[in-house]
Each structure stands twice: as C-alpha cells, then as structure tokens.
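Asks: Chains A and B, in that order, give the protein sequences. Under full-length UniProt numbering, think of the first position of the first sequence as 1, with each following residue one higher. Under full-length UniProt numbering, think of the first position of the second sequence as 1, with each following residue one higher.
Treat the hints with care, since some could be wrong.
It does not matter which identical chain is used: a pair holds within one copy or between any two.
Said to hold, decoys possible - 30 Å max Cα-Cα, derived DSBU-like pairs, lysine-lysine:
no. : residue 1 : residue 2
1   : K180      : K301
2   : K112      : K301
3   : K123      : K346
4   : K104      : K255
5   : K105      : K44
6   : K255      : K112
7   : K108      : K180
8   : K301      : K44
9   : K108      : K301
10  : K227      : K105
11  : K108      : K346
Simulated from the structure, these hints should not be mistaken for lab results.
Next come the chains, spelled out residue by residue.
There are 2 protein chains.
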Amino acid sequence: MSRVFNFSAGPAALPEPVLRQAAEEMLDWHGSGMSVMEMSHRGKEFIAIHAEAERLLRELLGVPTNYKVLFLQGGAIGENAIVPMNMLRGRTSADYVDTGEWSKKSIKEAQKYGSVNVAASGKAGGYTSIPPREGWTLDPNAAYVHICSNETIGGVEYHWTPDTGDVPLVADMSSNILSKPVDVSQYGLIYGGAQKNIGPAGLTIVIVRDDLIGQALPITPSAFDYKQQADNDSMLNTPPTYGIYIAGLVFNWIKAQGGLEAMAEHNRAKAALLYDFLDASSFFSSPVAIADRSLMNVPFKLRDDALDETFLEGAQARSLLQLKGHRSVGGMRASIYNAMPVEGVKALVAYMQEFEATHG
Amino acid sequence: MSRVFNFSAGPAALPEPVLRQAAEEMLDWHGSGMSVMEMSHRGKEFIAIHAEAERLLRELLGVPTNYKVLFLQGGAIGENAIVPMNMLRGRTSADYVDTGEWSKKSIKEAQKYGSVNVAASGKAGGYTSIPPREGWTLDPNAAYVHICSNETIGGVEYHWTPDTGDVPLVADMSSNILSKPVDVSQYGLIYGGAQKNIGPAGLTIVIVRDDLIGQALPITPSAFDYKQQADNDSMLNTPPTYGIYIAGLVFNWIKAQGGLEAMAEHNRAKAALLYDFLDASSFFSSPVAIADRSLMNVPFKLRDDALDETFLEGAQARSLLQLKGHRSVGGMRASIYNAMPVEGVKALVAYMQEFEATHG
C-alpha cells in the first residue's frame with residue numbers, strides 16, 4: 001500500500017492513525033461484536049461514543065457550558081438555510097459579510113427567510129482580502145452578523161475576531177475549525193461541515209449559545225430545529241453515527257498532538273513553507289493579500305496558465321493529488337488541513353521548485 | 001473476534017463481507033492511496049463509486065428511467081418536512097394514511113407546510129393492522145397520498161400496493177426498502193433512511209418521478225430541493241460520501257445473493273420461523289394481525305411482562321442483542337433485516353423455546 005499526499009479541499013486527508021483504528025475496529029468495536037456502523041444510536045455503546053466525541057470537542061475548543069454542541073446533517077449548504085430559520089428569532093434581517101464564494105452562497109440562501117444586509121464585501125478587490133472591520137456597516141437591530149471564517153475557494157481567512165457588540169456573531173468555520181484555538185464565547189453560533197478537519201462528509205457540527213435557541217421559524221424542519229435537537233442530544237433523528245465515531249477519533253488524535261495550540265503551530269509552519277516559496281518565486285504567485293492569507297487553503301497561479309495541465313500531470317505522477325483550483329477561480333489550490341503532514345508540503349514545494357527550474 | 005446477532009431496529013446489522021471489504025479498503029481504495037472518506041466528491045474515484053451505487057440500486061429495484069435517484073441527508077425525519085416542501089406542488093393539502101408511530105410523525109411534520117387529510121387510520125385497533133384500501137377517504141385534489149410501507153415500531157407492513165389513481169403515491173420505505181421486489185412505477189416518490197437495509201445512518205435515499213419535481217416551496221433549503229439536487233447529481237452539497245460507498249457495497253452484496261427475489265425468500269423464511277413459533281407458543285405472542293405482519297420488525301410480548309428483564313438478560317448472555325421493544329409499545333422486538341442470517345433467527349427461537357420451558 002502506498003498512500004498519497006491528498007491536497008483536496010474536502011472531503012480531505014484524514015490522520016492515518018485514525019484510519020488504521022477505524023479499519024481495526026470495523027467488525028468488532030471494543031469487544032462489542034458489532035461495527036460502530038451497526039450499533040443502535042440508543043444503545044449504551046454508541047451513547048458512550050457520542051458522549052466522548054462531544055466531551056473531546058468541548059475540551060479542545062474550550063466550549064463554555066452555556067453552549068450546546070450538536071451533531072447534525074446537511075453540511076454548510078444545509079446550514080445556509082438552517083441558520084436563518086433558527087437565528088432570525090423574530091427579527092426581520094441579518095448582516096452578512098461577503099468574502100467570497102461561500103459567503104455568497106450563504107447570503108443567497110438566507111434571502112429566502114429574511115432580508116440580508118451585506119455589511120461589507122471583498123468583491124471590488126476580487127475577494128483577495130477580508131474587508132477591515134472599520135468599514136463594516138452593521139445594523140444594531142440585525143438578528144446576527146454572519147461571516148465565513150475561511151473561504152475555501154478564494155483562500156482568505158480571518159486572523160482576528162470581529163467585534164459585533166450585542167449582535168451575535170455567527171461563523172461558518174467549515175474549513176478552519178480546529179485548526180487553531182478559538183474563543184467560542186465571542187460567537188453566538190459556530191457551524192461547519194466535518195469534511196475538512198473533523199471527519200467524513202455528512203456530519204455537521206453546530207455550537208450555539210443556549211439563549212439563542214428555541215425561536216425557530218414555524219417552517220423549520222424538526223430535524224433542523226436547534227432547540228429540538230439540543231433537547232434530544234442530537235438524536236431527534238438518527239444521527240450520522242459512523243461520522244460521529246470518526247470525528248471522535250480525530251478529536252483524540254488532535255489532543256494527542258498537543259491540542260489546538262500545537263495544531264496552529266503545525267499549520268503555520270506548513271503554510272509558511274508554501275507562502276515563502278510562492279513569494280520568492282517569479283513563476284508561481286499567490287493572489288491573496290498577505291495579512292488575510294488562509295493557512296488551510298492556498299490558491300496559487302502559474303505565470304503561464306498554458307502550463308497548468310503539465311503541472312497537474314507532473315504532480316499526479318509524484319502522488320501529489322487534487323491540486324487543481326476551483327473552477328470558479330482557476331489556477332491551483334493546495335489544501336493543507338490538520339491531517340496534511342509537513343512532508344506533504346515539502347514534497348509539493350520541492351516539485352514546484354523543480355517545475356519552475358524546468359519551465360520557468 | 002466474536003460477532004453477535006444484532007436485532008437492532010436501526011442502525012442495524014450489516015453483511016459481514018461488506019464490513020470486511022470496508023476494513024480492507026480503509027487506507028487505500030483500489031490502489032488510489034486514499035480512503036474513500038478522504039476522496040474529493042468531485043474526483044474521478046468518488047464519481048465512479050457514486051455512479052456504481054446508483055446503477056446497482058436502479059438495477060436491483062428496476063427503477064424506470066423517468067425516475068431520479070438521489071442520495072441525500074437527514075433521514076426519514078428530515079424527509080417528513082422535505083417531502084411536503086417538494087411535493088405539495090401548488091396544492092394545499094395531502095392525504096396521509098396513519099398506521100402507527102412513523103405515520104404520526106410524518107403527519108405532524110407535514111402540517112407545518114399544508115393541510116393534511118388523514119385518509120385512514122389504524123389507531124382504533126391499536127395500530128395492529130393496515131386499514132384496508134376500501135375504507136380510505138381519499139381527496140382527488142390531494143397533492144399526494146403518503147404511506148409508511150413498514151412501521152418499524154408497531155410491526156405492520158403493507159403486503160400490497162394501494163391504488164391511488166392519478167394522485168401520486170409517496171412511501172416512507174425506510175425499514176423495508178430492498179427487502180423484496182417493488183414496482184417503482186406505482187409510486188411517485190419512495191424515500192428512506194439508509195440505516196436498516198442499505199448502510200450507515202446519515203444517508204437518505206430518494207427515488208422520485210421526474211415530472212413531480214421542480215415546484216418546491218420557496219422556503220425549501222437548496223440542499224433539500226429535489227430538482228436542484230437532481231440537476232447536480234446529488235452534489236449540490238457535499239454528499240455523505242462514505243455512506244454512499246458502503247451502500248454500494250451492500251447493493252453489490254444483495255445482487256450477489258440473487259437480488260430482491262432472493263432477499264424476499266430469505267426474509268419470508270426468517271419471519272416464518274419466528275411467527276410460527278410465536279403462534280404455537282402459549283407464553284410468547286405477536287400482537288399484529290396475521291395478514292399485515294412485518295417481515296422486518298417482529299414485536300412480541302411475554303405472557304408475564306415481569307419477566308421482560310430476565311428475558312433480555314438471558315438474550316444478552318447468548319449474544320442476542322437489542323431485543324427490547326420500543327419504549328412507546330413495550331415488550332420485545334426482533335428486527336430481522338436483510339443482513340440478519342437465518343442462524344440468528346434460529347438462535348433466537350431456540351432461546352425463546354428454552355425460556356418458555358423454564359418460565360412458561
């Protein structure tokens with residue numbers, strides 16, 4: 001067996017020890033005689049797995065006790081509807097900050113449920129930077145302020161937390177959750193699909209301050225009503241049990257690596273390798289403003305895009321996979337989430353150096 | 001490793017060869033160097049896995065070409081809202097047949113989106129039989145007629161397909177899909193959570209006639225709009241990729257067993273063993289009308305319910321697990337889906353005989 005370096009934006013590389021443990025336990029979890037996939041979600045074995053996953057997530061992120069942790073389904077695109085359904089709370093509008101493709105999707109979907117005030121936008125600059133907080137036009141009566149903490153496609157990331165006063169801050173953290181410490185108490189709601197830093201696609205994490213739930217719109221499906229799910233330990237419907245199990249293994253792996261401080265250091269080191277190379281190169285370049293560069297998703301361009309296919313073929317031949325940029329922006333993108341080892345980034349940089357020497 | 005006989009109502013036992021293959025392929029699917037869990041849903045490997053799962057499902061069920069097959073999220077409880085959102089199609093009301101706990105949940109949720117006419121109910125008889133078609137009060141202007149083809153909790157199952165004329169028939173088949181052949185063309189929509197006969201919890205199957213989609217209510221989340229998902233091959237949001245992979249392995253296993261005719265024979269034989277014993281026993285009994293007994297979920301009662309705990313403890317000691325009945329009905333329940341081998345049912349009946357001899 002030969003494993004590759006998988007730079008996919010998500011679903012993405014998972015820690016190899018997690019996959020090994022999952023393989024070993026596939027037919028018989030801890031002497032239960034069952035796969036986790038086969039367990040009743042109401043049986044004592046799965047209830048323990050679920051509770052342990054939640055406990056570890058709370059420990060890693062330091063989630064305050066007045067926040068609920070929910071394990072749901074539908075991913076961030078589902079949440080784009082579910083968030084306004086739950087969070088409008090009798091108000092008529094919400095503020096959204098537009099930093100790229102994922103913000104745009106969130107805004108469009110939210111408009112089905114209320115009015116949206118775009119408080120700031122990076123559109124004029126081609127979404128290569130995060131609009132500074134000073135320029136945001138916030139509505140003090142907004143139900144919440146929504147941001148996307150890391151734009152997976154454009155590669156811009158908040159390295160600061162916006163102050164929104166008494167209006168709850170809501171963040172789509174799909175692509176940078178658990179990549180660094182976060183002060184959860186500064187947010188009203190954090191959500192994200194699992195398929196970057198957490199586990200398999202199909203699991204959605206929601207962390208919500210408990211005073212904000214319980215006022216969902218009447219048209220909210222019960223399965224997506226935060227209060228109903230919180231009251232039922234995320235088991236109003238059958239949860240994605242296997243995904244929760246894998247997430248628990250990933251949380252445990254992060255803890256064993258030293259937790260989120262250690263992850264942040266690991267991720268800064270990997271990103272620095274790549275950005276330093278890009279900035280020194282006259283052939284490859286990063287389109288993103290230095291202060292707002294994502295440590296998770298690194299878009300880059302070749303000086304001559306006629307060489308894009310040649311670059312991708314050479315990468316594939318070296319088992320460096322999924323480097324093609326998103327179709328909406330073109331170029332290349334290296335996603336280097338928690339589970340990407342530094343060796344993967346070194347191998348990529350070495351290949352880019354070699355490619356530049358040959359074609360530059 | 002010692003595997004148990006798992007009579008859970010869902011998530012439920014999976015075929016052992018499927019779990020073995022999943023374990024073997026966990027770190028490296030077909031020489032790709034990746035786990036299926038790590039694959040981009042837009043990469044060629046996963047697109048092939050997804051297409052093969054759909055092809056096998058279409059082959060097994062004989063799905064006509066004018067039906068879409070969708071792989072979604074949220075389970076049947078999610079669909080309880082998603083179905084009316086998509087299927088009301090400008091009409092104001094839908095007909096629902098009430099056959100037990102799952103029908104009741106569907107009815108309650110649908111009332112958020114339109115008016116519900118309960119066309120027939122098994123309530124007066126304690127939900128121990130399916131109301132005969134002759135007694136249904138159908139509305140010719142209804143958007144659809146909804147049934148639950150198998151009540152997982154009460155243990156009643158349709159062994160016939162209701163004729164609803166020009167009004168589309170919608171069926172929650174969560175707990176008996178793929179247990180027997182079905183004439184899909186008699187239905188407008190079939191849906192079900194995967195966690196009984198298909199694969200892991202978190203995957204929802206939707207099979208829908210293509211002329212019925214495209215008129216979702218404006219408040220329908222994009223992730224749950226059948227038309228948008230059909231137009232995007234179920235990839236409008238990131239699908240539950242690992243669940244789809246496991247489902248494909250299960251479909252392949254069913255095909256290797258001889259397909260749905262063979263499954264039906266296997267399931268009839270298992271159910272007959274259990275029901276014949278129950279009917280011959282003076283200590284155990286089935287509460288369900290003979291004609292409407294489920295071949296998947298077999299509720300049964302002990303003559304003296306003070307012995308329930310003793311029965312469950314003895315079962316556990318023999319590795320016969322998850323036999324406790326649902327809290328809403330009490331007693332016992334043996335769920336004997338496709339993956340339950342006949343040996344499991346024989347072991348259960350042998351234990352019941354022994355228990356009756358000792359305590360009867």
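Asks: Using 30 Å as the alpha carbon limit, work out where K227 and K105 are close: within a copy, between copies, both or neither.
Replies: Close inside one copy (25 Å) and across copies (18 Å); limit 30 Å.
Asks: How would you label the pair K180, K301 (within, between, both, or neither) given a Cα cut-off of 30 Å?
Replies: For K180 and K301, only the intra-copy Cα distance (27 Å) is at most 30 Å; the inter-copy one is 54 Å.
Asks: Treating 30 Å as the Cα threshold, decide for K108 and K301: within, between, both or neither.
Replies: Classified as within; 29 Å inside a copy, 53 Å across copies.
Asks: 30 Å Cα cut-off: does K108 pair with K346 within a copy, between copies, both or neither?
Replies: Neither, since 39 Å and 56 Å both go past 30 Å.
Asks: When Cα atoms must be at most 30 Å apart, do K301 and K44 count as within-copy, between-copy, both, or neither?
Replies: Only across copies: K301 and K44 sit 23 Å apart there, 52 Å inside one copy, limit 30 Å.
Asks: Have a look at K255 and K112 and pick one of within, between, both or neither, based on CA distance no larger than 30 Å.
Replies: neither (40 Å within a copy, 43 Å between copies)
Asks: If the cutoff is 30 Å on CA atoms, where do K112 and K301 land: within, between, both or neither? Let me know, please.
Replies: neither (36 Å within a copy, 50 Å between copies)
Asks: Which holds for K108 with K180 at a C-alpha limit of 30 Å: within a copy, between copies, both or neither?
Replies: within (29 Å within a copy, 43 Å between copies)
Asks: Indicate which option fits the pair K105, K44 if close means a Cα-Cα distance not exceeding 30 Å: within, between, both or neither.
Replies: between (39 Å within a copy, 25 Å between copies)
Asks: At most 30 Å between alpha carbons: which applies to K123 and K346, within, between, both or neither?
Replies: neither (33 Å within a copy, 67 Å between copies)
Asks: Have a look at K104 and K255 and pick one of within, between, both or neither, based on CA distance no larger than 30 Å.
Replies: neither (34 Å within a copy, 44 Å between copies)
Violation of the numbered hints given earlier is confined to hints 2, 3, 4, 6, 11; the remaining hints are satisfied by the structure.
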